[in-house]
Amino acid sequence: MQDQILIEMKGVQKWYGGYQALRDVDLTVRKGEKIVLCGPSGSGKSTLIRCINRLEPIQQGSIVVNGHRLDDSIKAIDVVRQDVGMVFQSFNLFPHMTVLQNCMLAPIRARRIGKAEAEATARKYLERVRIGDQADKYPAQLSGGQQQRVAIARALCMQPKVMLFDEPTSALDPEMVKEVLDTMIGLANDGMTMICVTHEMGFARQVADRVIFMAEGQIIEEGAPEAFFRNPKHARTRQFLGEILAHH
Amino acid sequence: MTPHFGLAEFGFLLRGLQWTVLLTLVAFAGGFTAGLAVALLRTCGHKGVEWITRIYIGIFQGTPLLLQLFVVYYGLALTGLKLDAFVAVAIGFTVNASAFLGEIWRGAIQAVPRGQTEAAMALGLHYSSRMRDIVLPQAIRISLPATIGYLVQLIKGTSLAAIVGFIELARAGQIVSNQTFQPLLVFGVVGAMYFILCWPLSWWGSRMEARLALASQR
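Quick mapping for you: the protein sequence lines, in order, are chains C and S. Going by full-length UniProt numbering, the letters in the first sequence line up with residues 1 to 248, in that order. Going by full-length UniProt numbering, the letters in the second sequence line up with residues 1 to 218, in that order.
Don't take every hint at face value.
To be verified - So, partial list: chain C residues that the calculated Cβ filter (under 8 Å) puts toward chain S:
#1 Asn53
#2 Leu55
#3 Gln59
#4 Gln60
#5 Ser62
#6 Asp78
#7 Ser90
#8 Ala106
Said to hold, decoys possible - Beta-carbon label-pair distances, calculated as ranges:
#9 S/Trp204 x C/Gly202: 46 to 56 Å
#10 S/Ile55 x C/Ala235: 50 to 60 Å
#11 C/His68 x S/Val21: 50 to 60 Å
#12 S/Gln61 x C/Gly114: 17 to 27 Å
#13 S/His126 x C/Trp15: 46 to 56 Å
#14 C/Ser143 x S/Pro137: 21 to 31 Å
#15 S/Val21 x C/Asp78: 21 to 31 Å
#16 S/Leu184 x C/Gln141: 47 to 57 Å
#17 C/Asp133 x S/Gln110: 49 to 59 Å
#18 C/Asp133 x S/Leu22: 34 to 44 Å
Everything labelled a hint here was simulated from the structure, so no lab data went into it. Positions of the beta carbon are idealized from the N, C-alpha and C atoms, including for glycine.
Turn these sequences into a full structure, and let the hints guide you.
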C-alpha cells in the first residue's frame, strides 16, 4: 500500500495570542514519503511539525494521523504520539539516565513491553545508528553528534510510523553534521516516512520526495527537489534559496 | 538549695533533644509529602488550581510561624478540637513546611528544561511517568541544597514549639537554666546540641551544591 495516507492536515490555523503562526495549512503525507520543510525563521515550519504530535494545539482545522483524528482527548493524543517519533534540535536526552535507559523507558512505560524485550530493541537501534558501544554512558559523556544519534535511536525504539525532525543538525558543530545526516539518509533508504525541518539543502536534494517552502505561517510552494531548486516559482522562494545557498 | 548542672539535668536536655529530633522528622516527613503535592498542584497547568496553591503558599510564607502555631493550638481548641501539644505543633510545622518545600520544589520543577517534558510527551509518556521518571529526579537534584538548607532552618525553628508548652530542646534548656542559675553552661550545651544536629547537614548541603555545580559544567 504505497498510497496509504499517514498524515492529513486540512485548513490548520494556529495562533499564539494575537500572532498567527499557521495560516490555513493543508498537507498530505503518504506512507514512505520524505518531506523537507524549509523557510526563514519564524515561518512556522517547526510549529507545523509540532502540531502533528500535539506538542502544540491548533485552533482550527483538522489533523489526522494514521487514521486517528487528533482532538483534545487524551486517548487520541496518546495513539498519535505512539505512531509519531520526534527528534529535536537540542537532542533533549534525559541526562540522568544512561543511553540504554533513555531508549528503554518509553517502550516499557508507554508500550508496556517487558524489560528484556525493550533492551533487545534498544540495542538493535543503537547498533543501527552505530553507537552500540556507548550504551552504558550518560548523554553528557557523548559528543553532540552522538547524542543526536541516540535521540534518533530512542525515537525509533517506539517503532513509529512517521519520524519528525526539527532542525536536527542546527545545534551541531559542523564536523558532526554529516554523521547525523548519514543516519537520517539510512533511515530514509529503509523506507521510513519522514518530515524534516532543515536547512541542509544537500540532504533535501538527496533524500526528499517533496520540498515545501513556508513563510509567514503559510505553505508558499512545494515540489520535487529538482524542480524546486532549479526553477522556484515564487519570488519569496527564490529570495530564500538565494540567501541560503549563498552560504553553501 | 539550687541543683547544679549534673547528669540528671543533662538527661533532661537529652530528652528535649529527642523531642526536637522527633518533631523535625515528623514535620519533614509530613511537609515532604504535602509539599510534593503542593509543588505538583502549583505546576499542574490548570490556572484555577495553580492560583489556589499560590495563595496557600503565600499565606504560610507571609505570616509568622508563631502565629500559625497559635492558630493550630488555640484556634482549633476554640472549635472544640483539643489537641495534644505535640500533635498541634506537628500539624503546624507540617503545614508550614509543605508551603516552603512546595515553593522550593515548584522552582526546581520549573528549572528542569521544557525540552525534557516535550521529549517525554513526544515519546508518548503520560504525566505520571513524565514526573516520576523524568522531571522529579532532575528537580530533586536541583533542589537538594535548598531542601537541606530548609531542613536546617526547620530544626532550629522547632524551638518555637515551646510557645504552646511543648518541651523541646530550647525549652528544656530554659527550664534547666532557671533551676540551676547556670545559663551560660546550660545554653552552651543546648547550643552545642543544635550545632551537632545542624552542622553535618549544612556541610552535606554545601558539598552537594559543589558537586552539582561541577556536574553542570561537564
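Check each numbered hint from earlier against the structure, then list the numbers of those it violates in ascending order. 3, 4, 5, 12, 13, 15, 17 and 18
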